[in-house]
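Use these hints to put chain B onto chain A, whose structure you have.
Each chain, written out:
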Amino acid sequence: MTNYTLKQCSDMLQQRQVSAVELAQEYLQTIKQNNSQINAYTTLNPDITLEEAKAADVRLQEGSGSLLTGVPIAYKDIFCHQGWKTACSSKMLDNFIAPYTATVVQNLLDAGMVTLGRTNMDEFAMGSTTETSFHGITRNPWQLEHVPGGSSGGSAAAVAARLAPAALGSDTGGSIRQPASHCGITGLKPTYGMVSRFGMVAYASSFDQAGPMAQTAEDCALLLNHMVSFDQRDSTSLDREKENFARNLNQPLQGLTVGLPKEYINSGCDAQVQNKIQVAIELLKKQGVNIVEVSLPHTELSIPAYYVLTSAEASTNLSRYDGVRYGYRAAEFSNLDEMYSKTRSEGFGHEVQRRIMMGTYVLSHGYYDAYYLKAQKLRRLVANDFQAAFEQCDVILGPVAPTAAPKLGSDIHDPVQMYLSDIYTISVNLAGLPALSLPVGLTDAGLPVGMQLIGNYFTEAQLFNIAHQIQLNSDWHTKVPSCGTNEN
Amino acid sequence: MALTLSDVEKIARLARLQLSEEEQYHVLEELNGIFALVEKMQQVDTDGIEPMAHPHEVALRLREDVVTETDQSHLYQQCAPQVENRLYLVPKVIE
Numbered sequence: 001m002t003n004y005t006l007k008q009c010s011d012m013l014q015q016r017q018v019s020a021v022e023l024a025q026e027y028l029q030t031i032k033q034n035n036s037q038i039n040a041y042t043t044l045n046p047d048i049t050l051e052e053a054k055a056a057d058v059r060l061q062e063g064s065g066s067l068l069t070g071v072p073i074a075y076k077d078i079f080c081h082q083g084w085k086t087a088c089s090s091k092m093l094d095n096f097i098a099p100y101t102a103t104v105v106q107n108l109l110d111a112g113m114v115t116l117g118r119t120n121m122d123e124f125a126m127g128s129t130t131e132t133s134f135h136g137i138t139r140n141p142w143q144l145e146h147v148p149g150g151s152s153g154g155s156a157a158a159v160a161a162r163l164a165p166a167a168l169g170s171d172t173g174g175s176i177r178q179p180a181s182h183c184g185i186t187g188l189k190p191t192y193g194m195v196s197r198f199g200m201v202a203y204a205s206s207f208d209q210a211g212p213m214a215q216t217a218e219d220c221a222l223l224l225n226h227m228v229s230f231d232q233r234d235s236t237s238l239d240r241e242k243e244n245f246a247r248n249l250n251q252p253l254q255g256l257t258v259g260l261p262k263e264y265i266n267s268g269c270d271a272q273v274q275n276k277i278q279v280a281i282e283l284l285k286k287q288g289v290n291i292v293e294v295s296l297p298h299t300e301l302s303i304p305a306y307y308v309l310t311s312a313e314a315s316t317n318l319s320r321y322d323g324v325r326y327g328y329r330a331a332e333f334s335n336l337d338e339m340y341s342k343t344r345s346e347g348f349g350h351e352v353q354r355r356i357m358m359g360t361y362v363l364s365h366g367y368y369d370a371y372y373l374k375a376q377k378l379r380r381l382v383a384n385d386f387q388a389a390f391e392q393c394d395v396i397l398g399p400v401a402p403t404a405a406p407k408l409g410s411d412i413h414d415p416v417q418m419y420l421s422d423i424y425t426i427s428v429n430l431a432g433l434p435a436l437s438l439p440v441g442l443t444d445a446g447l448p449v450g451m452q453l454i455g456n457y458f459t460e461a462q463l464f465n466i467a468h469q470i471q472l473n474s475d476w477h478t479k480v481p482s483c484g485t486n487e488n
Numbered sequence: 001m002a003l004t005l006s007d008v009e010k011i012a013r014l015a016r017l018q019l020s021e022e023e024q025y026h027v028l029e030e031l032n033g034i035f036a037l038v039e040k041m042q043q044v045d046t047d048g049i050e051p052m053a054h055p056h057e058v059a060l061r062l063r064e065d066v067v068t069e070t071d072q073s074h075l076y077q078q079c080a081p082q083v084e085n086r087l088y089l090v091p092k093v094i095e
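Note that the protein sequences, when read in sequence, are chains A and B.
Just so we're aligned, residue 1 is where the first sequence starts under the numbering used here, counting upward by one.
Just so we're aligned, residue 1 is where the second sequence starts under the numbering used here, counting upward by one.
Bound conformation, chain A alone (with noise of 0.2 Å):
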């Protein structure tokens, strides 16, 4: 079984244990088996993958790769990538073949990685279950009448059912860390601005980032050492100096200081939830960790000031869907106007719309005021919240979502709940500070429970330091699904 993190399959490469071909044959294999049950991936082409693993394996031998060289990857449908559909899992994008690729995916396959495949995501990144796909929905591998969360729900259910050791996704109110928290694994989303945004397809632009996700901390600091770059062709990309990400993973927690923020305790937080965090703060005062109360009074707030900036955002964003220049262009049109909107109608699911309408409204004469620029008041305020917290401590730990996985098709028809269970993550995109989620155990039922570490900006470092002292002495990052994972 494809069981091997991204660190054991860079080692076994490494030491010529097993050639890239092999690996890659080995993973498209499992897919092959496997995928269907639970639908991660929606575009493969084996005979690219083959392509690449063999160009690894030059390089392998010549001795002139990266610790990254011949390892797979799965990327979200969302990255542009030269030859490949990329459709972000929706009707308008499902004839386009990316013509360029993003800088994050060049980056990694410079570094030598081999693309697997294309996996699912709600439409545009638009929500937390991975169930507005175009391309039909994703089981969760641990139990399959569950969504596996959204909108990379598709990358990090490849990871869990061991599709592929590592998955790219992307994050804007926490479809990185929810996913990965609801199928076990372990995801970050980076500092705003690590990552270049160029090729990936835009919802909200002051928010999204791309990010690793894979089975541990250790391996999502890897994937991060070759992900960031700056980038002149996004213009919010920042340029910092080369770090290596896995620097103090074995650095001992001795004297941090922990802050779990009070309005998240008795938030609407299911009791499983909050017992298997309790276990993993137990964990982590063993180590000499110090805990502390702190406060993020905008919490709540941080909910509407959220919607309305990122459908405001989107709303722009997508506008470049006309039908005119690339993806679904309508049939039947009598004039300009009639094409774009009937293009626009049909090419676009009904959470898109619901989107756009709502960011079209609060951008309207009138309204802007009101709405889009208070919104960003109160982002500020969630901001500051975040910088008098880290006063009082060094990284803030709490829960990633309220309850585990929901029942596919449970709150899709309440927009509401499924925003106000958003509330964990969201802050931190409007903040654009770095968030870590990492598994912490299962439910009665079987379901991943995730945990969150929110560190202040450019502290990837530490994130992943805590994680990986957790992840040494505990094995929930070792647990395998069995049903989305059936042997042969």
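It should be emphasised that the hints constitute simulated quantities derived from the structure, not laboratory data.
A hint or two may mislead.
Covered by chain B, according to a simulated footprint, are these stretches of chain A (three or more residues, beta-carbon under 8 Å) [as the list claims (entries may be wrong)]: (1) 233-243; (2) 373-383; (3) 468-477.
To give a feel for the contact side, a few chain B residues facing chain A, derived at Cβ under 10 Å [claimed, not checked]: (4) R13; (5) Q18; (6) M41; (7) V90.
All C-beta atoms, glycine included, are put in the ideal place defined by N, C-alpha and C.
Same frame as chain A, but now just chain B:
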């Protein structure tokens, strides 16, 4: 602050979306539900608070005024619905 059906029609027009009457009612209900959440924002005093458009205090980078991109129209137009002589074809705009 409840939206009306005519608000929904106007917004759809701005967003170049065509919704059936049934869909309009559905969207009206959904938007009003979400706006109840949004109303909570008004309860907070934000006088003197600087709006935050972006997580970092960075200004837009400038670069040298030299040509760096090459003509890739052939590559980029391969995915176009209708193209002729490097022009994108659409229905007549001016009557």
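Checked hints:
1. Interface restraint, the region 233-243 of chain A with chain B: holds (3 residues with C-beta to C-beta distance below 8 Å; minimum three).
2. Taking a C-beta to C-beta cut-off of 8 Å, the region 373-383 of chain A contributes 10 residues in contact with chain B, enough for the three needed, and the coverage statement holds.
3. With 0 residues bearing a CB less than 8 Å from a CB of chain B, the region 468-477 of chain A misses the requirement of three and the coverage assertion fails.
4. Given hint, R13 (chain B) at the interface with chain A, holds; its Cβ is 8 Å from that chain's nearest Cβ, closer than 10 Å.
5. Checking Q18 (chain B) against chain A: minimum C-beta separation of about 4 Å stays under 10 Å; hint holds.
6. Because the closest C-beta pair between M41 (chain B) and chain A is about 5 Å apart, less than 10 Å, the hint holds.
7. Because the closest C-beta pair between V90 (chain B) and chain A is about 6 Å apart, less than 10 Å, the hint holds.
Hint check: a violation occurs at hint 3 only; the rest are consistent with the structure.
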